[in-house]
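J.: Respectively, the protein sequence lines represent chains A and B. For the first sequence, position 95 (counting from the first letter as 1) is numbered 109 according to the numbering used here, and the numbering increases by one without interruption. For the second sequence, position 100 (counting from the first letter as 1) is numbered 289 according to the numbering used here, and the numbering increases by one without interruption.
Since the hints were made in silico from the structure, they are not lab data. The reader is advised that the hints may include incorrect statements.
[Stated by the list, open to error] Chain B regions said to be covered by chain A (calculated; three or more residues, Cβ under 8 Å):
#, segment
1, 285–296
2, 328–339
3, 342–352
4, 394–401
Predicted model, so just to flag it, every value in this text is computed and none were measured. Heads up, the beta-carbon is just placed ideally off N, CA and C, and yes, glycines get one too.
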Amino acid sequence: MEKLCTDPRTRGVSTGTTILAAIFDGGVVIGSDSRASIGGEYVSSKTINKVIQVHDRIFCCMAGSLADAQAVIKAAKFHLSFHSVQMESPPLVIAAASVLKDLCYKNKEELQAGFLTAGWDKKNGPQVYVVSLGGMLISQQVTIGGSGSTFIYGYVDAKYKPNMTKEECLQFATNALALAMGRDNVSGGVAHLVVITEKGVEHVVVPGDKLPRFHDE
Amino acid sequence: TLSQQAASGEMGRTTIIAIEFDGGVVLGSDSRVSAGASVVNRVMNKLSPLHEKIYCALSGSAADAQTIAEIVNYQLDVHSIEIGEDPQVRSAATLVRNISYKYKEEMSAHLIVAGWDRRNGGQVYATLKGLLTHQPFAVGGSGSSYVYGFVDAEYHRGMSREESQQFVINTLSLAMNRDGSSGGVAYIVTIDEHGTEEQVILGNQLPTFFDQ
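So that you can see chain A by itself, here it is in the shape it has in the complex (with noise of 0.2 Å):
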């Protein structure tokens, strides 16, 4: 989904990261890694969170040049109370991800920047949606973004199934990021993960030292 910048004085601090987002049966969980570095060569930050949180029960994560990332989702935050003030309701996630997709259509040739938004609301449960990075927005029920990302597409193919636990889900987002963070060299720090429900937002974090191993570590 996202070029990896290789000139960090043209493009500055990028994410070069891993971010997924699932749903299971009953929420949808969100995550991402935490490293934030600069042209592959310096990590600049170990503890980023990219897991933003845009309303009650809809969060989003960001991949791509983390300034532009900051802007939008600055903007896509404003835009989306007014919105929710004017429904006189919770905002929908698809409207969440329609906003966001507008700000990166509408500036494609400036941003370079890319999201995944998942939340749950009320009139048609827990969503999933990607925004690209020339601003196309789809629905999903698995998904994943990032440099890292291209490294577990045979995991993800292979092991999500819909309808799951929403301890198999946590597991398998887990194991994903873990994965992932073990192959890209930009990816790395501890695993951030959101789990929407009806219910509420439950965080949870997973330092490096407790992440899940694989056969050769």
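Chain A is fixed; fit chain B onto it per the hints.
T.: This is chain B only, laid out in the frame that chain A set:
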């Protein structure tokens, strides 16, 4: 250059894998050879014999890889006559590595060498860019990026012959689904002390996953 690559058969856009199991090795590959956006061969077998119980998996420039395999096949024939018995897998891998390293500027081919010998059983060697390492499994080609997570999670020592074959078929299927440059059928070669078995898994017999 990019246009030269496009004009020639390019097998670097591929998926190859080799794994050790208790008693032997399994090699696997897809069957697509592409020149730019065109598939010039959709049934190419990229698993090439170097000796009766030693095979290699080809990726990179088709011409370079095939040439290396043919030369090493000849060198191994001579070597095995000289020593009076079947060659070791490490010897085959070393011969491949010697060519890859000497011509590393002119050639672009990555061969994974795997086989069985009496001394050390099943072994897999990677020879990328002239290095030689012995690994429990090796993946290569453009499709391999997509399955690193899967093989890291699923590989474990002590798999049986059938489990290993299924593991290779699953890995190839996942890579072929995601990599535009890999596809077609899956070729599998299983080598153990009893012999060498070649198999073809047709496209519609490959395993499918939750979104298919």
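J.: Can you list which hints this structure breaks, lowest number first?
T.: Those not satisfied come down to hint 1.
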